[in-house]
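Student: Sequence:
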Amino acid sequence: MLDKNQQKVVQYTEGPLLVIAGPGSGKTKTLVERSVHLLAEKKIEPSQILLSTFTEKAARELRMRIQKALQEKGVSVSIEEMYLGTMHSIWLRILEEYITYSHYENGIEVLDEEEEKFFLYSQLRQFKQLNFYMEFFEREHSYGDWAQSRLLQSIFSKIQEEAVDIPSIRSYQEEIQFLKAAYELYQSLLRKENKISFSAIQMELYHALLEHPEFLETIQNRIRYLMIDEYQDSNPIQERIILLLAGKEKIFVW
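The sequence shown begins at 1 in the numbering used here and counts up one residue at a time.
Among the hints, a few may not be true.
Pairs of lysine-lysine, BS3-like flavour, derived with a Cα cap of 27 angstroms [said to hold, decoys possible]:
hint : residue 1 : residue 2
1    : K43       : K27
2    : K117      : K57
3    : K8        : K29
4    : K29       : K43
5    : K73       : K43
6    : K29       : K68
7    : K57       : K158
Using C-beta positions, here's what the derived DEER-type ranges look like [to be verified]:
hint : residue 1 : residue 2 : range
8    : K158      : E115      : 17 to 25 angstroms
9    : E115      : I20       : 51 to 59 angstroms
10   : A21       : Y143      : 42 to 50 angstroms
11   : S171      : E211      : 18 to 26 angstroms
12   : H141      : I99       : 35 to 43 angstroms
13   : P23       : E97       : 30 to 38 angstroms
14   : L210      : P23       : 30 to 38 angstroms
15   : E193      : S25       : 32 to 40 angstroms
16   : E162      : A40       : 39 to 47 angstroms
Worth flagging that the hints you see were computed from the coordinates, not collected in a lab. Here a beta-carbon is modelled for each residue, glycine too, at the ideal position from N, C-alpha and C.
Use the sequences and the hints to build the structure in full.
Tutor: Right, here's the structure in full:
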């Protein structure tokens, strides 16, 4: 059974909602019941609900518990079309469903951390042609191709997570000019082979939403209810995407 506060969370669905709750407060149970309420009582289509969790394990558990709760209520609804998973997995699904709004084509290949590092290593000769390459890595005390590949990977990931607007950067500092050129080269190399790094998924979706208002409107009309677990752990690019998708609709975070 839910307590009075949990019931309020479940039943309040028509507007923004922030819930502050600590460990052991029944968050998972409340998320399950809120999802069931939307699906069974309000008859919301599964594809209109986005529910993000921090890990794939938590997402699998939620999916199983929501489906079980629906079955126990005698409600025949498949939740396969729900946008349920980690933010990365949800952003990738949206990107793949609307690939024409991105810089990529169908069949995009997602690189994990090790694959991205190897890709950078295999392309390092092209980065070495950039002005200030040697000087930059000497300043960072980074020697050897593998070490330099790892450092570039770390920097590129930080740029993407912090939603740095690379094209707008104007600087006469050689170090900044090098990093800007290196990042733009990296994106070009990835797109040429229809590959995307795990960390770049978010930046690609964010810019697609910003640059194509019709795409943003389509997604906002489709996904009407957003539930974000562990919202405090969102990085800047994730927060920007969430706020774009939510628009004036029903966003629920805790």
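Student: Look at each hint and say if it fits the structure.
Tutor: Results of checking the hints against the structure:
Restraint check: the Cα-Cα separation between K43 and K27 comes to about 23 angstroms, which is no more than 27 angstroms; the hinted pair holds. Between K117 and K57 the CA atoms are separated by roughly 26 angstroms; this keeps the pair inside 27 angstroms, and the hint holds. Between K8 and K29 the CA atoms are separated by roughly 13 angstroms; this keeps the pair inside 27 angstroms, and the hint holds. At most 27 angstroms may separate the alpha-carbon atoms for a hinted pair to count; K29 and K43 meet this at roughly 20 angstroms.
For the hint pairing K73 with K43, the CA-to-CA distance comes to about 14 angstroms; that is within 27 angstroms, so the pair holds. Taken as a hint, the K29 and K68 pair is honoured in the structure, with Cα atoms around 12 angstroms apart against an allowance of 27 angstroms. A C-alpha spacing of about 25 angstroms is found between K57 and K158, which places the hinted pair at or below 27 angstroms, so the restraint holds. For the hinted restraint 17 to 25 angstroms between K158 and E115, the CB-CB distance of approximately 19 angstroms keeps it satisfied.
As the Cβ distance of E115 to I20 is approximately 38 angstroms, the hint placing it in 51 to 59 angstroms is violated. Roughly 48 angstroms separates the CB atoms of A21 and Y143, a value that falls within the hinted 42 to 50 angstroms. Checked against the given bound of 18 to 26 angstroms, the beta carbons of S171 and E211, roughly 24 angstroms apart, stay inside it. For the hinted restraint 35 to 43 angstroms between H141 and I99, the CB-CB distance of approximately 41 angstroms keeps it satisfied.
Take P23 and E97: their Cβ atoms lie about 35 angstroms apart, and the range 30 to 38 angstroms holds. Range check, L210 to P23: about 36 angstroms between beta-carbon atoms, so the 30 to 38 angstroms window is met. Distance hint check: the CB atoms of E193 and S25 are about 46 angstroms apart, inconsistent with the given range 32 to 40 angstroms. Our hint of 39 to 47 angstroms for E162 and A40 holds, since their Cβ atoms are close to 40 angstroms apart.
Of the numbered hints stated above, those contradicted by the structure are hints 9 and 15, listed in ascending order.
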